Amino acid sequence: MLAYTAPTSVEEAVRALAGASGTAKVLSGGTDLLVQLRSGRLKADLIVDTKRIPGLAGIRQEGGGFVVGAATSGAEIGEHEGLGEAWPGIVEAANLIGSTQIQGRATLAGNLCNASPAADSVPALIAARATCVIAGSNGRREVPVEAIATGPGRTSLRPDEFIVEFRLPKRPARSADAYLRFIPRTEMDIAVVGAGVNLAVDPAGVCTEARLVLGAVAPTAVIVSAAEAALVGRKLDETALGALDKAARAACKPIDDKRGTIAYRVKVAGVLARRAATIAYKRAGERR
Amino acid sequence: MSKHHVTTTINGEATEFLCEPQLTMLDVLRDELHLTGSKEGCSSGDCGACSITVDGRLVCSCLMLAVEAEGRKIETIEGMAKGDQLHPLQRQFLEQAALQCGFCTPGILIAAKALLDRNPDPNETEIRYWLAGNLCRCTGYDKIVRAVVDAAAEMRGASA
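As you go down the protein sequences, you meet chains A and B in turn. All letters in the first sequence, in the order written, are residues 38 to 325 by the working numbering. All letters in the second sequence, in the order written, are residues 967 to 1126 by the working numbering.
No lab work stands behind these hints, which were simulated from the structure alone. Keep in mind the model is a prediction, meaning the values are calculated, not measured. The reader is advised that the hints may include incorrect statements.
For each label pair, taking beta carbons as the anchor points, the in silico distance ranges come out as [as the list claims (entries may be wrong)]: (1) B:K1039 x A:E179: 33 to 41 Å; (2) B:T1105 x A:I299: 35 to 43 Å; (3) A:R78 x B:K1039: 26 to 34 Å; (4) B:T1002 x A:G279: 58 to 66 Å; (5) A:G95 x B:T973: 23 to 31 Å; (6) B:T1091 x A:G242: 28 to 36 Å; (7) B:K969 x A:G95: 42 to 50 Å; (8) A:G188 x B:E1044: 43 to 51 Å; (9) B:A1119 x A:G56: 55 to 63 Å; (10) B:T1105 x A:S76: 43 to 51 Å; (11) B:T1091 x A:R52: 42 to 50 Å; (12) A:I299 x B:K1048: 50 to 58 Å; (13) B:T1105 x A:V308: 21 to 29 Å; (14) B:A1119 x A:G270: 50 to 58 Å.
Note that CB positions come from ideal geometry on N, CA and C, so glycine has one too.
All chains, full assembly: derive it from the sequences and hints.
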């Protein structure tokens, strides 16, 4: 039988998770969790709702970077001016998830811990070198976002742990990010491929840092390590974009499904990588 | 199984109910409180027929547990008209025949109202994207979008 608790502190939430008999699930927006519970795909004995914990929802600036509470809704993320200016790629990725109604509830922590290979916000967060702060019985630990999802529907979190907040680093000068996804419609669909790019340029427009992360082309988001070599030390010319495209395609290990074949996904990954890099490059160049 | 005692505000009225933890807000609205204007379409957050606002935020009531309503302010379609006075959106939907079977209509009205509360002068693209989570399988969307545009103009005129 399902039980529900809405703790009002991180410690209380950890105690509830650690003390649960059976399966405890963390509820933030619930836009994935409730569907899975209702369909019977997921069985839970205890729901731990994190939204009553002070600070779990909300965005603040700290040390030049941003801290986004784990239970902050997509709508709040989209409405925050400073965050959208500093991290437009993360905001556009988070805001691509579902409808206006879904945005009213869906959260970064939920998107990450649902561990769908096609999660939109995850490639953008990883490209940004975002970390998450995890609370558990042994205290808190901070890990890179890419350390969380280990496969479709699976995470590295222990049963007594949950994500408290995301930390976005301070932005270097002339740096920006972008996220693009491809879906067959214009709204309300799951990524065939997603591509997040974060890069920095020098005053002459030469890339000094670059990170490309792809979604929906492997069991978890893929960091395209060869993308750095493709872009760094170059302006974003056709040579650089060609090398990026090739690196993106080489990193894909997708499946065939109703949304796209393997060959199609690989091709689209290269195209989206180019386009996302072009947007991020333009944004970075416009910054002082 | 222990039931939760929930105190909340629905359409401006203090409301209490008892519910089991697995029940959604939509379950309680319809089956417990008999506010049956919110509809169950897909139960997975795709169709928007169950749209309500919670503390002013548009959500699917099928994707929210009823226990989460504690202390929140909820608005449903039942609170949209003031007595006999229809909301301009409701009137425009009737005048422009922006519905056929009507199943999606409460959700679309609530979603459209949430848009106009934020943006009194949305363009057609903004309306279409905002309402992308509200599916209508009868009329097509043109009449719906036109009704929203005209209601918005009417409301701007009324507040000018």
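Each hint, compared with the structure:
no.	hint	verdict
1	B:K1039 x A:E179: 33 to 41 Å	holds, 36 Å
2	B:T1105 x A:I299: 35 to 43 Å	holds, 39 Å
3	A:R78 x B:K1039: 26 to 34 Å	holds, 32 Å
4	B:T1002 x A:G279: 58 to 66 Å	holds, 59 Å
5	A:G95 x B:T973: 23 to 31 Å	holds, 24 Å
6	B:T1091 x A:G242: 28 to 36 Å	holds, 33 Å
7	B:K969 x A:G95: 42 to 50 Å	violated, 31 Å
8	A:G188 x B:E1044: 43 to 51 Å	holds, 45 Å
9	B:A1119 x A:G56: 55 to 63 Å	holds, 57 Å
10	B:T1105 x A:S76: 43 to 51 Å	violated, 29 Å
11	B:T1091 x A:R52: 42 to 50 Å	holds, 48 Å
12	A:I299 x B:K1048: 50 to 58 Å	holds, 57 Å
13	B:T1105 x A:V308: 21 to 29 Å	violated, 36 Å
14	B:A1119 x A:G270: 50 to 58 Å	holds, 55 Å
Hint check: violations occur at hints 7, 10 and 13; the rest are consistent with the structure.
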